[in-house]
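Let's have the full structure, built from the sequences with the hints guiding it.
For the protein sequence lines, the chains are A and B, in the order given.
With the numbering used here, letter number 246 in the first sequence gets 247, and the count goes up by one each step, no holes.
With the numbering used here, letter number 104 in the second sequence gets 108, and the count goes up by one each step, no holes.
Rather than coming from a laboratory, the hints here were simulated on the basis of the structure.
Facing chain B, a subset of chain A residues (Cβ under 7 Å, in silico):
| # | residue |
| --- | --- |
| 1 | Met2 |
| 2 | Lys9 |
| 3 | Asn10 |
| 4 | Arg364 |
| 5 | Glu365 |
| 6 | Met368 |
| 7 | Val372 |
| 8 | Gly373 |
| 9 | Pro469 |
List time: in silico DSS-like cross-link candidates among lysine-lysine, alpha-carbon distance up to 30 Å:
| # | chain 1 | residue 1 | chain 2 | residue 2 |
| --- | --- | --- | --- | --- |
| 10 | A | Lys213 | A | Lys229 |
| 11 | A | Lys294 | A | Lys316 |
| 12 | A | Lys316 | A | Lys122 |
| 13 | A | Lys130 | A | Lys277 |
| 14 | B | Lys121 | B | Lys165 |
| 15 | A | Lys466 | B | Lys25 |
| 16 | B | Lys9 | B | Lys165 |
| 17 | A | Lys122 | A | Lys326 |
| 18 | B | Lys165 | A | Lys466 |
| 19 | A | Lys202 | A | Lys233 |
| 20 | A | Lys229 | A | Lys130 |
| 21 | A | Lys122 | A | Lys229 |
| 22 | B | Lys121 | A | Lys377 |
| 23 | A | Lys316 | A | Lys130 |
| 24 | B | Lys125 | A | Lys377 |
| 25 | A | Lys229 | A | Lys199 |
| 26 | A | Lys202 | A | Lys191 |
| 27 | B | Lys125 | A | Lys9 |
| 28 | A | Lys326 | A | Lys294 |
| 29 | A | Lys9 | B | Lys165 |
| 30 | A | Lys233 | A | Lys277 |
| 31 | B | Lys121 | A | Lys9 |
| 32 | B | Lys195 | B | Lys185 |
| 33 | A | Lys377 | B | Lys165 |
Glycine included, every Cβ here is placed at the ideal spot set by N, Cα and C.
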Amino acid sequence: MIFQIAWKNIWRSRIRSLVVIVAVALGMFGGIYTVAVMLGMADQRVQMALGNELGHLQIYQPGYRDNNDILHFFNDADSMINRIETIENVAHVTHRVRVQAMANSAGYTSGVILSGINPEKEVQVFNLKDKICVDGGEFLTNDNTRGVLIGRKLAENLRLVYYEFSESALSNLEELNFSDEIISIFKTKKDEVFRSEKELKEFLMTIMDEEKANTAIYKVENATIKFKLRNKIRFQFQDARGDLSGGMYRVAGVYQTGNNMYDASNAFVLDDVLVKQASLPERAAHEIIIRLKDSDLIDETKAQISDIYSDTETKTWIEMEPMLKTMNDMMWVFSLFFIAIILFALSFGIINTMLMAILERTREIGMLMAVGMSRKRIFNMIMTETIMLTATGAVAGMILGSIVIAATASNGIDLSAMYGDGLAEMGFSAVLTPVIGAREYLMIVALVLATGILASIYPARKALKLNPVAALRAE
Amino acid sequence: MSIIKIENLSRTYTETEVEVKAVNNVSLNIDEGEFTAIVGPSGSGKTTLLNMIGGLDAPTSGTISINGSSLGELGGRELIDFRLRNIGFVFQAYNLIPVLTASENIEFIMHLQGRSKAERKSRTDELLSAVGLDGRGNSRPAQLSGGQQQRVAVARALASKPRFILADEPTANLDSKSTTKLLEIMEELNKKENITFIFSTHDQRVVNKARRVVTLEDGKIVSDETRK
Ligand SMILES: Nc1ncnc2c1ncn2[C@@H]1O[C@H](COP(=O)(O)OP(=O)(O)OP(=O)(O)O)[C@@H](O)[C@H]1O
Ligand SMILES: [Mg+2]
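Below you can see the structure in the form of structure tokens.
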């Protein structure tokens, strides 16, 4: 009955309560949505890293990770893979042969990690195949013994791209709300080729101010970029015997993961070809990468593998990139802190409302005390009322938050037009997908309840201090 | 047999500039089944006396015992519980919780006493009909007249099955018709159910209905007459 009374009391002063409820709801909505975006960013970063670079578990020869020494390889990676594939929680396994190489194309050079992969297995563990750029060729195939897959940033660095205002580029640009005037200038450049980002930028600066050019460059680049597929790249490296070795490859495909650092420094060729050039045994590999069925069991699976291959180094993605995990945890701590501040600010409004409500009901509370409602019950009644008031707003805010999160999660919030390249430089996706899990919701609910309880103590104590005789006499 | 025994009761207010002896050395016994009016001019100490009998205010000196237990010896929580079980209150106004219906207001007291839902329901209906408000149980206080509200307050006061009912100027806000009706109901409850009523009033018509009239002046009893 206390609940019923508390609930009805909230609606005695409808406007006043609604104001607080709406304030709490909006505060919660803002908080939750911001948190979801932050968590989504962090989560995407992890998913990107897992899918493109890390896998769940990686196995190395001890010491390989210290200096990527080509000599720290597994002799027979195939049999290891066969064995590991039988482990319950293992979904897929692949291997990579890795050498540190110098890539050279028409005089431009860049240091890279050249990995030899088995395309069929590779696509089961990593999703690089889905990251091939538009008109960026194709993923490696088993018969493409001279093909190399490079990141878009590496292609740019090696001048294996150019920019051109082609028919299709122009129609893309027209959709990107450039003014007709700018578009018509673009059209005059139709048959001209810009050989680098720098040249393109210089051109943009002649037709718009620097600030505009800085934001426009990203869109223009994306619309006009062309890859010089089948162009040659020479890779040079030290083979297992310490001799200088290398090979000539043709660009088979260009990928873009969204992490520019990675894209600038990773190239892929077929493993059979690379082991020969590197004078490694036929079935050698430097790393074995595992994708799990259930990532929550990562530590158990790691322990199983460590048992079988006790003289190897098995690392989880968290151990490989502790920063990623730290970043996720930090995002969450920030989020909680952020929500706590919002709730703290809201608690003043809640306290004020409740104090007004008690002041208005002085006589009634005095009467209730007189007829036999104990102080404890009065305290509980006010407390229940405050918590209900807070919770109503919070629940409304959470529902609103969930709806908006669900609505924006399917397509994501595309920030590429504003910050695309900036986010990619930091390894973040330019399309934000807000996510928030049950665990996070529960924590937020706990925070809201804590706020409700804290905010109710002062008004409830105030009500307790009422003297029934004085309260009943009050005019 | 006396259910209320008051001996040498005084209440002095010292917080004011001049000391006020609101109740000054009052001794009084009230028996079960009485229908007693406390009368006297404004400021004579009626409310102060009733508040002390009801355990809402503590005497400066003197004792009150109800059914043999001395109010002064009860601690805060015991006192609240004692009030809940032994005393029914009707005030001049603000008797009811405005967000609850008449029935819910009556039930609430029984809820505080921890009675079962079924018992609450049937007793509420009984009480509503006893105060002549059959079928008005679902009305909110604001939908009832002042007189009807006071009748609900009487029903609410009875709900806890108290030993007696204290009513401080229950008719002060009522017109004469409602006053008569409320008094009739109180008299009937007194006669049929032997419920003890102690009420204060300014109103001569109300005084005329009382079987015993205790008159206060400056905190002292100046007359105490019982009629047939
Ligand atoms: N809290 C208080 N502080 C100081 N003086 C008080 C207080 N309450 C009552 N008094 C004084 O005590 C005296 C008795 O007051 P009380 O309210 O009991 O009179 P009353 O007979 O009920 O009057 P009324 O008919 O106007 O209701 C008055 O002089 C009043 O001013
Ligand atoms: Mg009075």
